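Participant: Chains as they are written, first to last, in numbering that gives the first Met the number 0: chain A, 0 to 428; chain B, 0 to 428.
Calculated directly from the structure, the hints in this document are not laboratory data.
Among the clues, some could well be false.
Since the list can't tell identical chains apart, any single copy or any two copies may satisfy a pair.
Below, a list of computed lysine to aspartate or glutamate pairs in the DMTMM-like style, where the Cα atoms sit at most 25 Å apart [claimed, not checked]: (1) 42 x 240; (2) 314 x 60; (3) 282 x 243; (4) 42 x 291; (5) 38 x 101; (6) 38 x 278.
The model shown is predicted, which means the values in this text are computed figures rather than measured ones.
2 protein chains.
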Amino acid sequence: MKDHSPASDAQPSADVATRAGDDSRAPASSSADRYVLRKIQAKLRDAPVRVTLWDGSTCYEGATPVATICIADRRSLWRVVRHQDVGLGDGFRDGGITLEGDLVGAVEAVFRVNRAHWTAARAARRQRPWWRSNTRGRAAANVGHHYDLGNDFYRLWLDRRMVYTCAYYATPEMTLDDAQVAKLDLVCRKLRLRPGERVVEAGSGWGALALHMARHYGVSVRSFNLSREQVAYARRWAREESLDDRVEFVQDDYRNVSGRYDAFVSVGMLEHVGPPHYEALGKVIDRCLPPDAGRGLLHFIGRDRPALLNAWIRKRVFPGAYPPTVSEVAEAVLEPWDLSILDVENLRLHYDRTCGDWLARFEAAEAQVIAMTGPDLYRTWRLYLAGSQAAFRTGWMQLFQIVFRRGGDNDLAWTRDALYQGGAAAEPA
Amino acid sequence: MKDHSPASDAQPSADVATRAGDDSRAPASSSADRYVLRKIQAKLRDAPVRVTLWDGSTCYEGATPVATICIADRRSLWRVVRHQDVGLGDGFRDGGITLEGDLVGAVEAVFRVNRAHWTAARAARRQRPWWRSNTRGRAAANVGHHYDLGNDFYRLWLDRRMVYTCAYYATPEMTLDDAQVAKLDLVCRKLRLRPGERVVEAGSGWGALALHMARHYGVSVRSFNLSREQVAYARRWAREESLDDRVEFVQDDYRNVSGRYDAFVSVGMLEHVGPPHYEALGKVIDRCLPPDAGRGLLHFIGRDRPALLNAWIRKRVFPGAYPPTVSEVAEAVLEPWDLSILDVENLRLHYDRTCGDWLARFEAAEAQVIAMTGPDLYRTWRLYLAGSQAAFRTGWMQLFQIVFRRGGDNDLAWTRDALYQGGAAAEPA
């Protein structure tokens, strides 16, 4: 591609072309700035993404780029050099770096370059690096960082049931609202819930799954959540639906779950647990279920190989989060406790679409988000949502649902046919 | 249960009751023999299985036993003490130990006792013990040990397509013949085969899957197998069905697979690979598939936690075999090669039923089997088939199907609905 670029043909001696910058605030770029620019562009390899400096300098040689990343000042440029992804993300956050063109497409292109590079390198296995430990005290702070932004904030761009996990688009034309109901119901069908059973949930969100289980499957639910804002919302909702006699929301750590249940379910919490705590989670599951029966479902963002979450996402969006591989979860959460894997499903393209739906709604609510939280948070979350969509689309991240059951328990579905007959429950008005 | 046993109430002072033995060959049991008998019975805990010696000595105190294990002479008794499972199995093999009553039920009861014990003990994780290494040379010998018993032997009790892996009883009333076809077709649907594609198979068996794929899905297949007898049979079958232009059977080690394919499939071979060779298997899969596409399926007997196969089964039936956990396979075969898990299904109750169907046919062919192979092999295989059925029924062993795809490849089924519409392909006459 480089060989056929008109730019490189026309200007063989100048690999950094400079045009007059529009911005009179900043001085012209120096040769050091342009050297760094070349390094950044080289790291992107063949990704169709152009980088420009404040005075218009660029060294992009490819075909029509899907996006142009504009670095507005020297401080933002050197922050990328010093802090890499964190510098880049913080540049987008404070407006020192902007993007013209297709944001999701640009992140996707960068991920594809990196994935190809990793594949070629056959990277070393299983680094077990440091991550922020989700001890009881810190877990609450980490959860608060993300989920206590305010129910009004999330209401602007989530579906009407406030489900902040991957949806299940049972048919391609489904709306986000319907796809979230389809997901709640798929989880219930996989758990084979029966009226009168007792279910414990680790991580309630705003309560949608707990209420769906109680309403449509006749079970009673005890649901644990650290986020004060979410628990208050969920309790109000349960009262409004007259389900508060069968659904109890508890503001507490999952490690404090007590009692015996027929089923354990956790949707979108395992990402916040962290590998050092997987055995403790397994112990909680073990203690919740009868010694010779019971089943459960874990729904979580995962990986194909062990790797840390992007450093900027950990800093600004999800402190303490880690998306595990299937083997990490199976080995540490399930194997030590005589829990048998029945079914694993990877729904990553459904999360691609979910993030796309969220992003469209988020961008449509730009003015309200900025009024509510300021421009930094709007830009941060826009990049996070776009980056997440690109991550699922390129296979950087996965969405796994693991169904398990106590080892010796033979009360199994004979086949998976029943999951796919009748489809999602009709939602009452 | 012990407290309410009439036997223990009636004979409080005699924990070993002796009745006149029918066998005049053997001397009466000694106090040492009866001490050992008590130890064996104690190890069985509450399992409803009675053990008797050649002179009728027993110390069983439970309710009506599902079976009585009869030890016919002192040599067989002490062989159990010295070699445990191997001594017990070899006793059954040479007739020194016989069983009256429900063979599968007896093994099942013993497995349940052991499982409960293991659960309580929370056994140490991941012993990485020694196992017979399946190097290229030894792999051939190990495979020959089992599979070169002769096609006529297997024809006596397998289905008419000679499929020697777990069947899929899509509906409960299916026969073994139909359930094997349903399994072949389920594998093809999971692989989403399309006409004209190229498939490589590691482990052909007698060729049923390769021919099913070619006949019903229009693909071409290259299938590797170490067993001379099986390859000869499969080649003849391919010629008879005029599929030999599209299905090639290669008598060679899976590590020598060459060429590029759209899909990799292996049904019932991973058990014979052994953990030290998983990375090599992953490397073979990686080299068979395009760098940015392709998919595969692994169907194998597995475990919920790492453990060696029973020592006697390894000695007499499956030298070199090891049933892995999902995490062992995911970590060593898939993760290093950018292969993404899409779907895992556990079919262990289908293997319970498959083994039951095999055992019934095997027992019905007793006279022919003994005429063909002698009584030792008949008794060995009867115990192996019964033990396998009990292992799947009690959850000692699992049957996993893992579907995977190259990480960045987005050519995925949107949902699993298509697997469950239309059902198994109709089998032509």
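Participant: Now, for every hint given, state plainly whether the structure supports it.
Facilitator: Here is how each hint holds up against the structure:
1. 42 x 240: neither (54 Å within a copy, 55 Å between copies)
2. 314 x 60: So residue 314 and residue 60 fail the 25 Å test inside a copy (33 Å) and across (65 Å) alike.
3. 282 x 243: neither (28 Å within a copy, 54 Å between copies)
4. 42 x 291: between (54 Å within a copy, 21 Å between copies)
5. 38 x 101: So residue 38 and residue 101 pass the 25 Å test inside one copy only (22 Å; across, 74 Å).
6. 38 x 278: neither (43 Å within a copy, 36 Å between copies)
Consistency note: the structure conflicts with the earlier hints numbered 1, 2, 3, 6.
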